[in-house]
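J.: Chains A and B, in that order, are what the protein sequence lines are. Counting from 1, position 268 in the first sequence corresponds to residue 268 in our numbering; the numbering is continuous, with no gaps. Counting from 1, position 47 in the second sequence corresponds to residue 528 in our numbering; the numbering is continuous, with no gaps.
Note that these hints are calculated values from the structure, not bench results. Think of the CB as a built atom: it goes at the ideal place given N, C-alpha and C, for glycine as much as any other residue. Treat the hints loosely; a few may be bogus.
[What the hints assert, rightly or not] Just a few of them, taken from the derived set where beta-carbon distance is under 8 angstroms, the chain A residues facing chain B: (1) Ile6; (2) Phe137; (3) Val309; (4) Ala361; (5) Ala369.
Single-letter residue listing:
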Amino acid sequence: MTDIGISALEYVEGFRSGSISAEDFVAATLERIRGIDGDLHALVAVREEALDEARRVDKVARSGGDPGPCCGMPVTLKDNICTADTPTTCCSRMLEGYVPPYEATVSARLRGAGAVLVGKTNMDEFAMGLTTEFSAFGPTRNPWGTDLVPGGSSGGSAAAVAACECSASLGSDTGGSVRNPASFCSVVGFKPTYGLLSRHGLISYANSIEQAGPLTRTVRDAALMLDVVAGPDPMDPTTVGPCGPYLAGTEAGIEGRRVGIIREMVGDGVDGAVASAARDAASRLEGLGASCSEVSIEAARYSVAAYYVITSTEAGSNLARFDGLRYGAAREGSGLAYPDYLEEARSLLGPEVARRMVLGALVPSAGHAGRYFLKAQKARGALTREVAAAFKEFDFLLSPTVPVLPFELGSRIDDPVSLFLVDANTVAANLTGRPAVSVPYDIRDGRPVGVQLMADSMRDADLLAAARALEGVSRVEGGPP
Amino acid sequence: MAGHDDVLRAARLMRIRVADPGVLESKVGAMLDYFETLDSAGYADEEMVHPEAGVDDLREDEHVPYGGPPPADPDRFRDGYLRAPRMP
Numbered sequence: 001m002t003d004i005g006i007s008a009l010e011y012v013e014g015f016r017s018g019s020i021s022a023e024d025f026v027a028a029t030l031e032r033i034r035g036i037d038g039d040l041h042a043l044v045a046v047r048e049e050a051l052d053e054a055r056r057v058d059k060v061a062r063s064g065g066d067p068g069p070c071c072g073m074p075v076t077l078k079d080n081i082c083t084a085d086t087p088t089t090c091c092s093r094m095l096e097g098y099v100p101p102y103e104a105t106v107s108a109r110l111r112g113a114g115a116v117l118v119g120k121t122n123m124d125e126f127a128m129g130l131t132t133e134f135s136a137f138g139p140t141r142n143p144w145g146t147d148l149v150p151g152g153s154s155g156g157s158a159a160a161v162a163a164c165e166c167s168a169s170l171g172s173d174t175g176g177s178v179r180n181p182a183s184f185c186s187v188v189g190f191k192p193t194y195g196l197l198s199r200h201g202l203i204s205y206a207n208s209i210e211q212a213g214p215l216t217r218t219v220r221d222a223a224l225m226l227d228v229v230a231g232p233d234p235m236d237p238t239t240v241g242p243c244g245p246y247l248a249g250t251e252a253g254i255e256g257r258r259v260g261i262i263r264e265m266v267g268d269g270v271d272g273a274v275a276s277a278a279r280d281a282a283s284r285l286e287g288l289g290a291s292c293s294e295v296s297i298e299a300a301r302y303s304v305a306a307y308y309v310i311t312s313t314e315a316g317s318n319l320a321r322f323d324g325l326r327y328g329a330a331r332e333g334s335g336l337a338y339p340d341y342l343e344e345a346r347s348l349l350g351p352e353v354a355r356r357m358v359l360g361a362l363v364p365s366a367g368h369a370g371r372y373f374l375k376a377q378k379a380r381g382a383l384t385r386e387v388a389a390a391f392k393e394f395d396f397l398l399s400p401t402v403p404v405l406p407f408e409l410g411s412r413i414d415d416p417v418s419l420f421l422v423d424a425n426t427v428a429a430n431l432t433g434r435p436a437v438s439v440p441y442d443i444r445d446g447r448p449v450g451v452q453l454m455a456d457s458m459r460d461a462d463l464l465a466a467a468r469a470l471e472g473v474s475r476v477e478g479g480p481p
Numbered sequence: 482m483a484g485h486d487d488v489l490r491a492a493r494l495m496r497i498r499v500a501d502p503g504v505l506e507s508k509v510g511a512m513l514d515y516f517e518t519l520d521s522a523g524y525a526d527e528e529m530v531h532p533e534a535g536v537d538d539l540r541e542d543e544h545v546p547y548g549g550p551p552p553a554d555p556d557r558f559r560d561g562y563l564r565a566p567r568m569p
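Here chain A stands alone, though its shape is the one from the complex (with noise of 0.2 angstroms):
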């Protein structure tokens, strides 16, 4: 029987030495789907023709050619990845049924490089929220407990890397989108540099801030995906780098390197179980030789105010485009006037990100915004300099990824603002641009707790080599039950 619990990397491995077929192990992931998918919801897309790919894979290989990399591997994608073969809907009625008529360029490089693709994953709607309770096609169950939010926005990711629904996948991260569903499910989640990885199909929420990023089962598997798809694309003018190779240097260790634990991301308003895991994950690390001492960052305190302050601006901008014409589902039209058309195209928006639309109006409007925009842009400001300043000191950043545990389904949605503050810990890495993974470090009460680190930007590979040493110390043993 075909182990599709295995790593990524231990797939490759095993295609190349001729143990496992892809036709195999992705027709065993399929199955796996079919047989879990319905309770947990973490995709919203199947591609049943994977198989056929993963058979195309094999025929490679056996007439003697190279299938690339990943060479039938099975991976996912959250649906605001554009896939011009399968629907690509941001799990919001606006977008339902469409097939975008390109493929975003993360996407072309890793299918390109013999990734499989078995399916898009839920996500909430347009990426606007912290649960994956946003979705319009209803929410995501963790793996871990299926009465627990997954995390998100990435949150179907997550869960699908968690349960086995796939070997990788390649989520967002606006605020914390991969990290904080990668906590919560005991997956490892990467945000790379602003700029490292090319948001070219990539379908606009925050474009000042966004990211996409791997989401795995290994901090291995993350440099093995950062090297297919990192790197610049003329097609995205914000594109950087490279700065790898990233897997051949995961292995260096964090002997001699400097942590700082971010004083404001442990103290007030942090689950002591939490709090107690990120020291508990510094001492270890001084045990493989690093030196951990506290940092204070101050404008910390208000990242979380200044990026939805942002992120709203942008995307109320980025969101005016859906108007049921140009973008977006089309409408019965007839008799109404535009500006009645655009209300009644708009209405296939979902609550939360009517919200967020609402707030992006008025936060930079004449009348207010120097009250919201220009102080949130300052603090930004603060924040940027503060972090500059920590890494004069220090090699890396870590904190708790999330500051709390992952919580019952339904349990915060009402509360806007009790759901920012699950954000506290992991903004201040996509309003400063900077380079953050969480990794999988421990179970409390019978809920994951991933710690996170940061680097300085273009840091990347330095960060994969000091998230692996903190996997080796990790206090996780095995996945969900």
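Fit chain B to the known structure of chain A by using the hints.
T.: Only chain B this time, still in chain A's reference frame:
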């Protein structure tokens, strides 16, 4: 602070249909209250971060004709043109 009328005016500007103004105002109001924490940050003298790109740094704009098959929805496309709803 932005008030009830500001929230509903912003919703009208964004053409968002408001089924229950009380719920929208309450949730957006809670978010705006939270944003007021920026008032205590004391960053009035902080420099703004403005990434700058000159026009010479931008790539050439290029028209790339769509070469794929016609979209499948026959109601929305006719003779190669997108059909929009008839509106007064």
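J.: Can you verify the interface hint for Ala361 (chain A): is its Cβ closer than 8 angstroms to any Cβ in chain B?
T.: 4 angstroms, holds
J.: For the restraint on Ile6 (chain A), tell me whether the closest CB of chain B is nearer than 8 angstroms.
T.: 37 angstroms, violated
J.: Holds or violated: the hint that Ala369 (chain A) contacts chain B, with Cβ atoms closer than 8 angstroms.
T.: 11 angstroms, violated
J.: Per the CB criterion, is Phe137 (chain A) less than 8 angstroms away from chain B?
T.: 20 angstroms, violated
J.: For the restraint on Val309 (chain A), tell me whether the closest CB of chain B is nearer than 8 angstroms.
T.: With a minimum Cβ separation of about 6 angstroms from chain B (threshold 8 angstroms), the hint on Val309 (chain A) holds.
In this structure, the earlier hints numbered 1, 2 and 5 are contradicted, and the remaining ones agree with it.
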